[in-house]
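Visitor: Each chain, written out:
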Amino acid sequence: MNLVSQITKTMLHGAAEMVVAGHGCICDPSGAMYLEDDRILVVSDLHFEKGSSFARRGMMLPPYDTATTLAALGRVIARYNPASVISLGDSFHDGQAAARLPEQYAAQLGSLMAGREWVWITGNHDPDHPADLPGETFTELAFGNLIFRHEPSKRPCPGEIAGHLHPAAKVVRRGQAVQRRCFVSDRSRMIMPAFGAYTGGMNILGRPFHGLFDAQAIIAYMLGSKRIYPMTAKALYI
Amino acid sequence: MKISKAPIADTGSALLPPLFLNWFQAKGWSPRAHQLELLEAAQAGHSTLLIAPTGAGKTLAGFLPSLVDLAQRGKSNAASRGIHTLYISPLKALAVDIQRNLAKPIEEMGLGIRLETRTGDTPAHKRQRQKLAPPDILLTTPEQLALLIAAKDAGRFFEDLRYVIFDELHSLVTSKRGHLLALGLARLRRLQPGLQTIGLSATVADPDELRGWLVPQIDGSPLASLVKVEGGAKPHITILQSEDRVPWAGHSAVYALPGIYEAIKQHATTLIFVNTRSQAERLFHDLWMANEDNLAIALHHGSLDVSKRRKVEQAMSANALRAVVATSTLDLGIDWGDVDLVIHVGAPKGASRLAQRIGRSNHRMDEPSRAILVPANRFEVMECQAALDANYLGAQDTPALGDGSLDVLAQHVLGMACAEPFQADDLYAEITTALPYAALPRDTFDRLVEFVATGGYALKTYERFAKIRQTADGSWRVTHPRVAQQYRLNVGTIIEAPSLNVRLTRQRGKGGNVRGGPVLGKVEEHFIEVLSPGDTFFFSGRVLRFEGIRENECIVSKADGFDAKIPSYAGGKFPLTTYLADQVRNILADPDRWGALPDQVSDWLRIQKEKSVLPQPGSLLVETFPRGERSYMVIYAFEGRLAHQTLGMLLTRRLERAKARPLGFIATDYALSIWGLRDMGRMFKKGELPLSELFDEDMLGDDLEAWLSESFMLKRTFRNCALISGLVEKRHPGQEKTGRQVTVSTDLIYDVLREHEPDHILIQATRADAATGLLDIRRLSDMLSRIKGHIIHKDLDRISPLAVPVMMEIGKERVPGEAHETLLEEIAEELTREMSDHS
Numbered sequence: 073m074n075l076v077s078q079i080t081k082t083m084l085h086g087a088a089e090m091v092v093a094g095h096g097c098i099c100d101p102s103g104a105m106y107l108e109d110d111r112i113l114v115v116s117d118l119h120f121e122k123g124s125s126f127a128r129r130g131m132m133l134p135p136y137d138t139a140t141t142l143a144a145l146g147r148v149i150a151r152y153n154p155a156s157v158i159s160l161g162d163s164f165h166d167g168q169a170a171a172r173l174p175e176q177y178a179a180q181l182g183s184l185m186a187g188r189e190w191v192w193i194t195g196n197h198d199p200d201h202p203a204d205l206p207g208e209t210f211t212e213l214a215f216g217n218l219i220f221r222h223e224p225s226k227r228p229c230p231g232e233i234a235g236h237l238h239p240a241a242k243v244v245r246r247g248q249a250v251q252r253r254c255f256v257s258d259r260s261r262m263i264m265p266a267f268g269a270y271t272g273g274m275n276i277l278g279r280p281f282h283g284l285f286d287a288q289a290i291i292a293y294m295l296g297s298k299r300i301y302p303m304t305a306k307a308l309y310i
Numbered sequence: 051m052k053i054s055k056a057p058i059a060d061t062g063s064a065l066l067p068p069l070f071l072n073w074f075q076a077k078g079w080s081p082r083a084h085q086l087e088l089l090e091a092a093q094a095g096h097s098t099l100l101i102a103p104t105g106a107g108k109t110l111a112g113f114l115p116s117l118v119d120l121a122q123r124g125k126s127n128a129a130s131r132g133i134h135t136l137y138i139s140p141l142k143a144l145a146v147d148i149q150r151n152l153a154k155p156i157e158e159m160g161l162g163i164r165l166e167t168r169t170g171d172t173p174a175h176k177r178q179r180q181k182l183a184p185p186d187i188l189l190t191t192p193e194q195l196a197l198l199i200a201a202k203d204a205g206r207f208f209e210d211l212r213y214v215i216f217d218e219l220h221s222l223v224t225s226k227r228g229h230l231l232a233l234g235l236a237r238l239r240r241l242q243p244g245l246q247t248i249g250l251s252a253t254v255a256d257p258d259e260l261r262g263w264l265v266p267q268i269d270g271s272p273l274a275s276l277v278k279v280e281g282g283a284k285p286h287i288t289i290l291q292s293e294d295r296v297p298w299a300g301h302s303a304v305y306a307l308p309g310i311y312e313a314i315k316q317h318a319t320t321l322i323f324v325n326t327r328s329q330a331e332r333l334f335h336d337l338w339m340a341n342e343d344n345l346a347i348a349l350h351h352g353s354l355d356v357s358k359r360r361k362v363e364q365a366m367s368a369n370a371l372r373a374v375v376a377t378s379t380l381d382l383g384i385d386w387g388d389v390d391l392v393i394h395v396g397a398p399k400g401a402s403r404l405a406q407r408i409g410r411s412n413h414r415m416d417e418p419s420r421a422i423l424v425p426a427n428r429f430e431v432m433e434c435q436a437a438l439d440a441n442y443l444g445a446q447d448t449p450a451l452g453d454g455s456l457d458v459l460a461q462h463v464l465g466m467a468c469a470e471p472f473q474a475d476d477l478y479a480e481i482t483t484a485l486p487y488a489a490l491p492r493d494t495f496d497r498l499v500e501f502v503a504t505g506g507y508a509l510k511t512y513e514r515f516a517k518i519r520q521t522a523d524g525s526w527r528v529t530h531p532r533v534a535q536q537y538r539l540n541v542g543t544i545i546e547a548p549s550l551n552v553r554l555t556r557q558r559g560k561g562g563n564v565r566g567g568p569v570l571g572k573v574e575e576h577f578i579e580v581l582s583p584g585d586t587f588f589f590s591g592r593v594l595r596f597e598g599i600r601e602n603e604c605i606v607s608k609a610d611g612f613d614a615k616i617p618s619y620a621g622g623k624f625p626l627t628t629y630l631a632d633q634v635r636n637i638l639a640d641p642d643r644w645g646a647l648p649d650q651v652s653d654w655l656r657i658q659k660e661k662s663v664l665p666q667p668g669s670l671l672v673e674t675f676p677r678g679e680r681s682y683m684v685i686y687a688f689e690g691r692l693a694h695q696t697l698g699m700l701l702t703r704r705l706e707r708a709k710a711r712p713l714g715f716i717a718t719d720y721a722l723s724i725w726g727l728r729d730m731g732r733m734f735k736k737g738e739l740p741l742s743e744l745f746d747e748d749m750l751g752d753d754l755e756a757w758l759s760e761s762f763m764l765k766r767t768f769r770n771c772a773l774i775s776g777l778v779e780k781r782h783p784g785q786e787k788t789g790r791q792v793t794v795s796t797d798l799i800y801d802v803l804r805e806h807e808p809d810h811i812l813i814q815a816t817r818a819d820a821a822t823g824l825l826d827i828r829r830l831s832d833m834l835s836r837i838k839g840h841i842i843h844k845d846l847d848r849i850s851p852l853a854v855p856v857m858m859e860i861g862k863e864r865v866p867g868e869a870h871e872t873l874l875e876e877i878a879e880e881l882t883r884e885m886s887d888h889s
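From first to last, the protein sequence lines are chains Y and W. Using this note's numbering, you'd call the opening residue of the first sequence number 73 and step up by one each time. Using this note's numbering, you'd call the opening residue of the second sequence number 51 and step up by one each time.
Check before you lean on any hint, since a few could be wrong.
Just some of the chain Y residues that point at chain W, by a computed CB distance under 7 Å [stated by the list, open to error]: (1) Arg111; (2) Arg128; (3) Ala269.
Taking lysine-lysine and the DSSO-like style, the derived pairs with C-alpha atoms no more than 27 Å apart in a straight line are [as the list claims (entries may be wrong)]: (4) Lys510(W) / Lys659(W); (5) Lys77(W) / Lys298(Y); (6) Lys315(W) / Lys361(W); (7) Lys181(W) / Lys306(Y).
Here's a subset of chain Y near chain W, in silico, CB distances under 7 Å, partners left out [what the hints assert, rightly or not]: (8) Gly130; (9) Leu133; (10) Pro134; (11) Arg245; (12) Ala249; (13) Val250; (14) Tyr270; (15) Tyr301; (16) Pro302; (17) Thr304; (18) Ala305; (19) Ala307; (20) Tyr309; (21) Ile310.
Bear in mind the hints are in silico, worked out from the structure with no lab data behind them. Think of the CB as a built atom: it goes at the ideal place given N, C-alpha and C, for glycine as much as any other residue.
Please model the entire structure based on the sequences and the hints provided.
Guide: Have a look at this one:
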């Protein structure tokens with residue numbers, strides 16, 4: 073399958089397909105990924121309650137990040153109606169965040185979870201199962217030739233779908249730089265963008281990404297406000 | 051500090067103690083009239099503003115009341131005394147300079163006065179000692195004052211305070227630093243109600259504002275006394291006459307290089323001012339290319355490594371240099387040896403700014419300063435002429451003092467809680483004695499206190515994490531010592547643009563194994579972020595090749611060749627002042643005044659008059675013409691680049707709605723050009739889109755609102771407010787390396803806050819800032835109401851002469867806020883096309 077057909081194939085809702093280890097992954101501009109055949113929706117790095125986590129340390133960030141993240145999650149779940157949802161780690165910003173979750177949000181999350189299989193993959197921010205919440209918790213999960221884990225392994229790992237690094241891509245035109253969160257892949261493995269409202273991005277040409285991908289084959293799917301913008305290595309800036 | 055040998059004012063003998071009179075006499079000097087006037091006012095118990103041009107002996111005048119008072123106070127009990135005089139200057143370097151100059155008379159008169167500086171560079175043990183045994187005179191900066199008054203022992207430290215001297219007051223008061231300083235002064239007054247202030251200032255448009263600033267805003271309290279030193283010798287200013295063509299557009303002075311070099315040769319020491327770092331680098335490079343005589347020419351700007359800057363400064367004061375190319379870092383009043391010529395490259399953008407820069411040459415009042423203006427393009431020729439005329443008229447266009455910023459007040463409120471618990475009523479009464487906050491509504495103040503405590507959100511979930519909390523007696527106090535620590539680390543209002551060290555390495559970039567070399571200085575992130583490895587640029591006087599970014603450093607190597615590929619964007623930080631804009635418009639409209647302009651410029655205007663019309667004061671000229679496949683509209687608004695950018699954004703939206711299919715726009719200080727696919731001239735003429743409607747003031751309503759929601763400039767403003775108000779913490783050097791995601795992007799915070807609580811006090815503060823700052827909405831709104839019913843439309847077959855400069859900027863200037871999505875789409879589609887070509 074050649075690159076062009078992947079890149080030109082734009083889909084409903086501005087999503088675009090990326091083939092990873094033979095699986096067609098639908099990359100949604102919200103930052104979620106959908107495996108259509110298996111009806112699995114994957115989101116990564118939700119970082120619920122990051123705001124209150126900072127507030128504990130004296131930085132009173134607006135306490136609305138969880139609401140914003142939940143609303144976005146609700147929209148994408150409504151759009152694809154998945155049978156299963158995998159949250160790829162760092163779903164909660166700290167170990168107490170799930171317990172701190174205000175009741176209305178816990179209820180909202182509960183209704184999103186209802187009627188579907190829900191998997192929490194543990195992350196460095198949330199090594200344990202979130203308090204008082206349903207769903208199953210794993211450190212990693214294999215599915216066919218795909219493997220879902222939070223931190224990308226340092227070695228080549230075909231079929232790995234990971235998060236953790238908050239990938240972002242930057243392009244430049246007319247003296248102006250635009251950086252956006254992105255899906256990044258070399259068709260062998262993929263790192264997903266962070267989904268949470270207060271999660272930023274780290275340039276995929278930066279150090280933490282070194283050696284993870286075949287540099288020539290890198291494809292970045294940048295998140296636009298309404299669609300995905302596919303970019304290849306030559307367009308990327310550090 | 052220089053003191054004239056002019057005849058003595060006789061009253062001196064009555065005011066000055068014999069010790070001082072003898073000292074003046076021994077030096078063969080006599081006190082100047084204004085020095086004695088100020089002394090008299092101070093001794094009568096008045097706070098006083100001294101307005102004097104550079105070189106008038108302003109500093110000694112400012113300190114004379116303190117020195118006399120200290121001399122008469124005697125030396126008894128020295129150890130237990132607190133600070134007697136506090137001197138505050140905007141620059142660390144200035145405080146150090148003053149110490150040097152003041153130490154001499156103190157020593158020579160044997161006054162036994164202890165004089166010390168306290169800045170960010172003062173070592174901790176010395177600060178500690180100063181707290182225990184305060185000097186008589188403390189020389190410091192606004193940030194240090196904020197720290198001192200936020201300390202628990204502030205009351206004791208300042209219990210003997212008599213005088214507070216503010217140097218360069220004109221440059222301090224209009225900024226957020228000035229707001230913080232005004233609040234600091236209010237606190238000092240509470241600690242020591244009897245203190246007197248002395249303000250030292252260059253000439254300003256409205257001295258009464260500064261006189262008010264110096265005294266508490268309490269009913270019936272009079273303005274500070276005013277002592278004014280009239281002008282000195284008129285400066286001798288010329289505009290560089292060049293054989294070569296003055297460029298239509300751009301900011302390069304290359305055409306004038308031979309003239310500039312000749313002028314350097316003819317003078318002992320020349321100070322060359324440019325508006326931006328890039329211009330400085332470029333000019334320095336070009337001068338050295340032309341430097342056949344190997345003259346000692348140096349470069350000085352704020353991005354260079356400190357040690358490099360100090361070297362230049364030392365060489366300068368030792369008169370070892372023939373010329374220095376500098377940006378505004380040298381703007382304020384420090385003595386730099388015997389400069390006998392100032393060259394100003396590029397338009398000065400403000401008449402007062404020019405006057406202050408020219409004041410740098412010949413620091414002696416009795417001799418005229420010499421200055422040469424070098425306009426970089428044709429509009430700048432007129433701007434230089436206008437500034438030159440203003441200088442001779444003594445016209446001033448310093449900005450008016452605005453209302454105090456809310457983010458600064460939030461910072462101050464926390465600082466005051468760190469000092470001691472406060473009652474809201476008392477603190478409110480205190481801060482409203484500061485001029486910038488005199489009109490602050492009580493309810494806004496209360497919301498700010500809530501903001502400081504818990505973020506002040508409608509959703510009250512942070513009560514348990516509160517930074518300050520009301521106790522049983524109603525007073526607000528800090529909840530944890532950590533809060534005070536955080537406050538101390540984040541004090542101040544100077545937000546530096548994120549920047550990276552520039553490190554020179556030997557190896558050519560394999561990315562992996564570059565060896566460390568010297569750090570050349572710092573460069574802003576936004577400059578670096580558009581470079582790709584291999585690009586070359588000027589920095590620190592050389593051509594560098596960009597290799598990549600490693601951690602927090604920009605890695606470069608020496609480039610082959612003599613030219614740099616990356617053009618410098620942006621001509622300058624300062625928009626044209628309203629005053630100069632009016633003057634330029636007047637020159638344009640009045641052919642009788644064209645005689646003063648070079649022929650090539652007056653010819654240009656003459657042809658404009660023939661082919662189109664000249665813009666007239668009091669109306670707005672809009673030209674439309676086709677070019678290539680597009681239709682262009684050029685608007686001659688003369689409101690400065692920032693206001694034009696805002697106007698450009700808003701008009702593009704409207705044109706879009708009117709189906710004119712606009713494609714882009716470009717703004718300069720003088721004009722705005724918008725282009726699109728449909729014939730706009732025809733649309734205006736046929737009444738399909740009347741110009742009066744297009745320019746209706748209502749664009750500042752919904753359209754502005756809609757645009758603001760995605761404006762990156764508003765996000766940048768929000769970032770500053772978030773940092774200053776203490777919502778997020780400043781990052782400190784080294785901290786970047788401790789881990790990723792240590793902090794949250796303020797852009798993300800802004801998006802979330804705006805969505806959920808658009809009336810939050812910090813968004814309110816951001817809007818207020820943006821209105822006068824990056825968006826210049828106030829100026830735009832003034833213009834829109836002024837030109838109502840006075841729009842002149844000229845539909846042309848082809849580009850007009852006056853439109854050439856702005857048209858030439860197309861594609862050269864960065865257009866901030868240009869639709870990011872469009873840009874992404876463009877690149878993505880290009881890549882897709884390329885790949886289908888290959889397959």
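Visitor: Work down the list of hints and note, for each, if the structure agrees.
Guide: Verification of the hints:
no.: 1; hint: Arg111; verdict: violated (29 Å)
no.: 2; hint: Arg128; verdict: holds (5 Å)
no.: 3; hint: Ala269; verdict: holds (5 Å)
no.: 4; hint: Lys510(W) / Lys659(W); verdict: violated (64 Å)
no.: 5; hint: Lys77(W) / Lys298(Y); verdict: violated (77 Å)
no.: 6; hint: Lys315(W) / Lys361(W); verdict: holds (22 Å)
no.: 7; hint: Lys181(W) / Lys306(Y); verdict: violated (59 Å)
no.: 8; hint: Gly130; verdict: holds (6 Å)
no.: 9; hint: Leu133; verdict: holds (6 Å)
no.: 10; hint: Pro134; verdict: holds (4 Å)
no.: 11; hint: Arg245; verdict: holds (5 Å)
no.: 12; hint: Ala249; verdict: holds (4 Å)
no.: 13; hint: Val250; verdict: holds (5 Å)
no.: 14; hint: Tyr270; verdict: holds (5 Å)
no.: 15; hint: Tyr301; verdict: holds (4 Å)
no.: 16; hint: Pro302; verdict: holds (6 Å)
no.: 17; hint: Thr304; verdict: holds (6 Å)
no.: 18; hint: Ala305; verdict: violated (10 Å)
no.: 19; hint: Ala307; verdict: holds (5 Å)
no.: 20; hint: Tyr309; verdict: holds (6 Å)
no.: 21; hint: Ile310; verdict: holds (5 Å)
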